[in-house]
Amino acid sequence: MKIKKPNIGIVLFLLIGVVPFAAAFIYALLYSFGVIGVANNGFTLQFWESVLASGTFFKSFGYSFIIAFVAVTSSVGGALWITLKFRKQLEKQFLSFIIYLPLAIPGIVTGFFTFQLFSKGGFFARISYKLGLITKASEFPDLVNDGLAFGIILSFITMIMPFFVLLFLNVYKNERVEELSVLAQSLGADANQITRKVFLPILIQKTWVLIVLYFIFLLGAYEVPLILGQESPQMLSVLIIQEIKQYDLDKISEGYVVAVLYTLIVSAAAIVLFLPKRKRVYAN
Amino acid sequence: MKRTKYILFGFLMSVIVLSCKEKVPQDSNKLKSASWEEIEENAEGTTVNFMMWQGSTAINDYINNYVVPSVKKKFNIDLQISGGQGPEIVQLVMGEKQADIEQGQVDMVWINGETFFQLRKIEGLWGPFVGLLPNASLINFEDSYISTDFQQAVNGMEAPWSVNQFAIVYDSEKLPSPPKSIPELEKFLREHPGTFTISNDFTGMTLLKSFMAELGGGPNALNGSFDEEKYNQLSEKLWSFINNNKQYFWKEGSTFPKEQSKMNQLYANGELLIAYGFSEGGIEDKVLTGLYPKSTKGYAWENGTIRNSNYLGILHNAPQKAGAMQVINFLLSPEAQLKKADANGMDSNTVLSMDKLEPEWKEKFLDARKRQYGPTLKQLEVNAIEEPAPEYMIRLYEDFRKRVIEN
Chain P
1 MKIKKPNIGI VLFLLIGVVP FAAAFIYALL YSFGVIGVAN NGFTLQFWES
51 VLASGTFFKS FGYSFIIAFV AVTSSVGGAL WITLKFRKQL EKQFLSFIIY
101 LPLAIPGIVT GFFTFQLFSK GGFFARISYK LGLITKASEF PDLVNDGLAF
151 GIILSFITMI MPFFVLLFLN VYKNERVEEL SVLAQSLGAD ANQITRKVFL
201 PILIQKTWVL IVLYFIFLLG AYEVPLILGQ ESPQMLSVLI IQEIKQYDLD
251 KISEGYVVAV LYTLIVSAAA IVLFLPKRKR VYAN
Chain Z
1001 MKRTKYILFG FLMSVIVLSC KEKVPQDSNK LKSASWEEIE ENAEGTTVNF
1051 MMWQGSTAIN DYINNYVVPS VKKKFNIDLQ ISGGQGPEIV QLVMGEKQAD
1101 IEQGQVDMVW INGETFFQLR KIEGLWGPFV GLLPNASLIN FEDSYISTDF
1151 QQAVNGMEAP WSVNQFAIVY DSEKLPSPPK SIPELEKFLR EHPGTFTISN
1201 DFTGMTLLKS FMAELGGGPN ALNGSFDEEK YNQLSEKLWS FINNNKQYFW
1251 KEGSTFPKEQ SKMNQLYANG ELLIAYGFSE GGIEDKVLTG LYPKSTKGYA
1301 WENGTIRNSN YLGILHNAPQ KAGAMQVINF LLSPEAQLKK ADANGMDSNT
1351 VLSMDKLEPE WKEKFLDARK RQYGPTLKQL EVNAIEEPAP EYMIRLYEDF
1401 RKRVIEN
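If you're matching them up, the sequences are chains P and Z in order.
Residue numbering for the first sequence follows this note's numbering, beginning at 1 and increasing consecutively.
Residue numbering for the second sequence follows this note's numbering, beginning at 1001 and increasing consecutively.
Everything labelled a hint here was simulated from the structure, so no lab data went into it.
Errors might be hidden in some of the hints.
[Claimed, not checked] Listed next, with one range per pair, are the computed distances between beta-carbon atoms:
no., chain 1, residue 1, chain 2, residue 2, range
1, Z, N1065, P, E139, 50 to 56 Å
2, P, I16, Z, S1137, 52 to 58 Å
3, Z, N1232, P, E139, 51 to 57 Å
4, P, Y222, Z, K1073, 39 to 45 Å
5, Z, Q1098, P, W208, 38 to 44 Å
[As the list claims (entries may be wrong)] Covered, in the sense of this in silico footprint (three residues per stretch, anywhere, with C-beta under 8 Å from a C-beta of chain Z), are these stretches of chain P:
no., segment
6, 26-39
7, 239-247
[To be verified] In silico DSS-like links for lysine-lysine, alpha-carbon gap of 27 Å or less:
no., chain 1, residue 1, chain 2, residue 2
8, Z, K1073, Z, K1032
9, P, K59, Z, K1262
10, P, K130, Z, K1262
Here the structure is a predicted model, which means the values were calculated and not measured.
Just so you know, even glycine gets a beta-carbon here, dropped at the ideal spot from N, CA and C.
Isolated chain Z, as found in the complex:
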């Protein structure tokens, strides 16, 4: 019986030991004043964990078949990818903070303004680090769409990875003249009932933000910090517009697609005549893979659609901060950005400034494979609007549910 006692004791001890992660103190502050050579030295041979959205084959292909082998070859870094976006990242950081874990599971993350706002709120990001990266000098920080994320100055706490604009997607054969303003949309809804909807996610809420800007009188109506009064006034108009036309929405407005990907499928199978999304509508790869018809086109709303950047951040408890910086610096290199810009691949707009690039790289960027179907960022430029403060999005989420979905 004594033996059983020992076995039980051993089992308990191993549970306790396994539940406590090794705590290796790392002098993060020292890293902030280190030279790039020292950072490179620290990064050599590390394993870096990167948490990112893995919902696109083009993105996964770029990361798994280009970035991972490249950083291994160039810097002997093992880049491990794990799936997760906004809420998952925030949950992870909150959980680890709660448990007081000094050496987290993830080193670097792919985020946008909303997650940036949340991570700043819970002090989940490490930095500023962008100024330490040699390739940061090539970034076009004069562009306010790059240096400001949801009305918050980036301040070196996240590195811009690509810039893009929201676009409306339609089939030019089925719908020769798509709506470009709220009154036109209202007319369209009545003429084509059941062919438009709002996805109950980030994408749908972004569309609602541009609608709110239009209801506010112009592209800049939501600029500046969050204004409760303005929000109440404009959102009231927005809900009454949606609720007045709800019966002409997809499924008569009784439900809304949970995510953009579902809406894209509904567009692809012909249930919807209009879809929308970031990356200028994400048209190129969907036409190339055969999901969307070749007659698919994209455009910006008359009052404008939102343009923003997405970013790479390092978590406050990242065990391999130097390794993460090395990987981020590589992702910002002309080589990696050019590869990412290939219209047949990830099809992203670079954050690098053409004026700051060496002539040979500039030429390569100009010669890069161009889109055949989707609109370019340049074409939508005149209709670009800034991302409003994150509180607008948070409030829209809540009120869209209360005032529209549950209504």
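Chain P extracted, bound-state conformation:
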């Protein structure tokens, strides 16, 4: 049997991309039903029942969804605005360097940095104290480990907005939005119309897959919510690790139930979002 070149690519993709993921998923699935696991005693539905009954997963999923949604929307909105307003300035070397800089900082560092700046004993609290705006640490507003997840959202925006700015700048150039805008203008469109009918549709349409992928990435983020989140509700990855590492060995399987549920939901969402689109492209 001859192996053709494209087949090698597929085999390698399966070996590196699919097999480890599938193996991990099957392991988690078996663990969640108590089939494997040193402390488990064979097949049971009790872990699934307990996770579904407690409602913690759904609360955590909703919480993660809202945080990821707010962070992605704000980042994309901000990046579009920056691209629209400061495109020319951003082409200068110094500013483009500044934009690149946050991309080089790992999430965990961004998390710590946000904590150092915004905690009640942090940089801004100290400045407020020196300026006489507050008289003790507890008067400083709750910006990290807070109920509204301000710290988490801020860190996410810091991490991903520069990426979207760079992406939009590139799409702007490659899709000749400048020329199209001039054309629209010569046809009588005003600035507002150009933004709504030319700039936004082109940029969003060309990048929506990446926007959705970033949303999924943030949904499963770990380090930032670990440092800046509160104890309840927690973002999904933090919840999963907490369940898997808990002291009650008989309940470790519940962590795997959460992991399996999360994977199923995200995979289903990805299939629903990406498949019909691809078909349409091929149909054309």
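Model the placement of chain Z on the given structure of chain P, informed by the hints.
Just chain Z now, kept in the frame of chain P:
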């Protein structure tokens, strides 16, 4: 194309080979009846992997700059350190058991009663081995805080490394008379809202255990094996106390610090007026490094705080059991224990009995550098209580989340 086929086949084979670890059968049982000379001989020239909590600079300094070079020089043992505590160790053992790995990654571990309980449950520890160590004869096994770990007899399955007590930490300048009982704490919370919290970890749960003992009527209220009825009754009182005062906790009880280290930072920056922890509050090094103010002091709760020991164990699939025993024996030597007791270093209380030591070592221990800030174990002695059975801790974790955090 044939070549590509071979390359692919080779790649697959190497993946398979790499995923299977070499299995070298070791006669562990033979080691249990071996003489110390034979064990020493087996230990010579080995590489021992030690998994331990690496969250303190003083501890890391002691291990990396004293223990590692000492065992290399004395016994030609390469001691490799890897980071990990309770849950990580248990996860590792469970994973390796699952995969049927006979030669594990780690030889020895630093654990406490809860992990001991879990590792015993999954048969993750090797032993008994403590009786084989020459320096074990110097250990004060008459002390029940050393020979019993979370109400479980140690039975030679883990070697005590140091003994310590939980203490409450406060700044004597900001808070001249800190609370010493639950009613006093309630009063304190109302007078100083937002300055107290419970960390959602081992440390916080230990505090809750001493609160439960107080609610149970005395220091010995939780002694003995786990009692479901007692737990339900006392924990009910505990949750209602916390929930009734939740609005006076840090961040109005909407969240709790994940770990003790976070709570320590909150204490250091003045958000909290009270912190707490094992090693008599861990005050000394934090004052010396400038994290805590010099006016920081530590004390035990009126009804008592928990005193326990921490231990060294050998994993059931440790490839170098003899090497691990040699290292543990060294860590229990008067020399290593004295170095560990230095108040400017690791600041640990020795597990060795002064009566069993040679006079010269006894003198050295008495002359060792003393604490300037934190309380001594001796000072807290009258308020010491035993660690309750591990099930109390496991239940507290779960219920603290359900009844307080998510409430």
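Consistency of the hints with the structure:
1. Z/N1065 <-> P/E139: 50 to 56 Å: Since the Cβ atoms of Z/N1065 and P/E139 sit about 43 Å apart, the hinted range of 50 to 56 Å is violated.
2. P/I16 <-> Z/S1137: 52 to 58 Å: Given range 52 to 58 Å: holds, Cβ gap about 56 Å.
3. Z/N1232 <-> P/E139: 51 to 57 Å: violated, 40 Å
4. P/Y222 <-> Z/K1073: 39 to 45 Å: holds, 42 Å
5. Z/Q1098 <-> P/W208: 38 to 44 Å: holds, 42 Å
6. 26-39: holds (count 4)
7. 239-247: With 4 residues close enough to chain Z, the hint holds.
8. Z/K1073 <-> Z/K1032: holds, 26 Å
9. P/K59 <-> Z/K1262: holds, 25 Å
10. P/K130 <-> Z/K1262: Holds - the C-alpha atoms of Z/K1262 and P/K130 are around 24 Å apart, at most 27 Å.
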